[in-house]
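Asker: Sequence:
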Amino acid sequence: MHTKKDLIAVAVIISLLFPFTASSQGSAPTAGATEVLFAQGQPFEHDLVLTAYYSPLPDQCCYVKGNFLADVELNGEGHHGADGTAVYAGMVAAPPSYPFGTRIVLPGIGTVTVHDRGGAIQEWKDAHRIDVWAGYGEEGLARALAFGVKRVHAVIYPPASAQPVESIDLTALDAPPEKLRPYLADSTTLLDIHAKEGDRSASVQFLQDRLRTLGYFDEKPNGSFGPATKAGLRDFYADMAATEPDNSLSERGASLIEAAFRRAAAADPVPAIVDASSSPAAISSAQRTLRFLGFYNGRTNGMYDDTFKKAIIAFQMQQGIVASDSAAGAGRIGPQTKSRIALLWRRKHAEKVAVRLLAMRKIDQLIAKRGDDLHQFLSKGDKGGNVRALQKFLVSKNFLAADGITGSFGERTEQALIAYQKDAGIITDADAAGAGYAGPATLARYRQDIRHLLLKIVREKGWQAI
93 MHTKKDLIAV
103 AVIISLLFPF
113 TASSQGSAPT
123 AGATEVLFAQ
133 GQPFEHDLVL
143 TAYYSPLPDQ
153 CCYVKGNFLA
163 DVELNGEGHH
173 GADGTAVYAG
183 MVAAPPSYPF
193 GTRIVLPGIG
203 TVTVHDRGGA
213 IQEWKDAHRI
223 DVWAGYGEEG
233 LARALAFGVK
243 RVHAVIYPPA
253 SAQPVESIDL
263 TALDAPPEKL
273 RPYLADSTTL
283 LDIHAKEGDR
293 SASVQFLQDR
303 LRTLGYFDEK
313 PNGSFGPATK
323 AGLRDFYADM
333 AATEPDNSLS
343 ERGASLIEAA
353 FRRAAAADPV
363 PAIVDASSSP
373 AAISSAQRTL
383 RFLGFYNGRT
393 NGMYDDTFKK
403 AIIAFQMQQG
413 IVASDSAAGA
423 GRIGPQTKSR
433 IALLWRRKHA
443 EKVAVRLLAM
453 RKIDQLIAKR
463 GDDLHQFLSK
473 GDKGGNVRAL
483 QKFLVSKNFL
493 AADGITGSFG
503 ERTEQALIAY
513 QKDAGIITDA
523 DAAGAGYAGP
533 ATLARYRQDI
543 RHLLLKIVRE
553 KGWQAI
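To convert, take the position in the sequence shown, counting from 1, and add 92; that gives our numbering.
None of these hints come from the bench; they were simulated from the model. Glycine included, C-beta positions come from ideal geometry on N, C-alpha and C. Take these hints with a grain of salt, some might be off.
What the hints assert, rightly or not - Calculated pairs, DSSO-like style, for lysine-lysine (alpha carbon to alpha carbon, straight line, at most 30 Å): (1) K454 x K322; (2) K454 x K444; (3) K489 x K461; (4) K430 x K401; (5) K475 x K430; (6) K454 x K402.
To be verified - Label-pair ranges, simulated between beta-carbon atoms: (7) L547 x D151: 30 to 38 Å; (8) A493 x S279: 43 to 51 Å; (9) Q134 x D175: 17 to 25 Å; (10) Y228 x A420: 22 to 30 Å.
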């Protein structure tokens, strides 16, 4: 028999807050009595304690255990119940005494069928535990968290009895994206998520937050990818001169929005109108900005001279602000020219940062593909691929000899790790807390260093070098 695979029992977390145990129910499990009821082949009534679980997908904004692999590792891999049935709306997990195919009418929820089991799914004299499948991905997780713990009086139909038609509408159960906020890591970026038209998820809400900060989304973020979100994406891409789809968040689109967001607080490069009467400081700022945009090749001297004026006119004509050097406003940075300069300045900075973000994304994917992405804490006595990855890294940093790559965390690895931690400023001495232990701070620094190491190689020798 295979139990839930890839089906994360949010109920496990909820149970920590609302522990339904044998002692809390006042009696020990009574599976025998339940089996007798099923053997009679007639419908019967019983109190049920309901919780919910979901199926994780890649590219969620957040996970119960921190990342997709960790969530999968929690309960295995797959998308089927214990009887082999593919997960679907209407599937539930029940105690072992409930035969597969049992149908249950849950008041206020619907009519469901037993296809699954779970280690925490037990029964007591006055209540049986049932786990309701809540859906896939972020919406499923949000729905499972919002579902919480419910106690109902249900009618249970054994497989041999005349059963009602299965019927449940998951969309009728709340799945508020804000339920996922506590699971959203501080390091999450738009490149870590996936959002498309029609979605209702925390990823969409995350995207809307970014667009709103940048001035491309006027509504309160609600996690629903509809016309307003499409319009925001379309307007942003137009300003960035990007030809990305507006009905889904592409990788390049995500990098541009993320890059622009990181510079959202930056002041406009030309803060005021610039003409012959402007201060040297204002003129110098405009000169530096036009040089950055490729229109000015003169000195940053704070002088409104002919070279600078021609640079302004060249920019205005290229942007269609004036038709000739004799047009009204030509050679003067007025409101329209100032606004256009700021837009192109933001665009160029966003493009530069986006290139770096995409490079880092590619490096992260390469690290994961190589198996060098450490996603568990390590200490003396541990063995396996994660230890080998750590040892390879310590060798590359010259803290461990090449023959120290063994996959076994022993004394040499511990001393090498301590040396690295001291060098990186993670600990002050060998007696400090966490010395020789690859915990959160060490793994965060490891990821940063291995990224920068590979990025340096790419910059010097190209992608083919790694």
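Asker: Next, verify each hint and record whether it holds.
Answerer: Hint-by-hint comparison with the structure:
The straight-line distance between the Cα atoms of K454 and K322 is roughly 27 Å, inside the 30 Å bound, and the hint therefore holds. With a C-alpha separation of about 16 Å, the suggested pairing of K454 with K444 holds against the 30 Å cut-off. A threshold of 30 Å between alpha carbons decides the hint, and for K489 with K461 the separation of about 21 Å falls inside it, so the pair holds. For the hint linking K430 to K401, the alpha-carbon distance of about 14 Å falls within 30 Å, and the restraint holds.
Of the pairs offered as hints, the one joining K475 and K430 is violated, with about 60 Å between alpha carbons and a cut-off of 30 Å exceeded. Between K454 and K402 the alpha-carbon distance is near 42 Å, which puts this suggested pair outside the 30 Å criterion. For L547 and D151, the Cβ-Cβ distance of about 23 Å falls outside the hinted range of 30 to 38 Å, so the restraint is violated. Look at A493 against S279: about 33 Å separates their beta carbons, and that is not inside 43 to 51 Å.
Distance hint check for Q134 and D175: the Cβ-Cβ separation is about 23 Å, which falls inside the suggested range of 17 to 25 Å. A hinted range of 22 to 30 Å for the beta carbons of Y228 and A420 is inconsistent with their spacing of about 59 Å.
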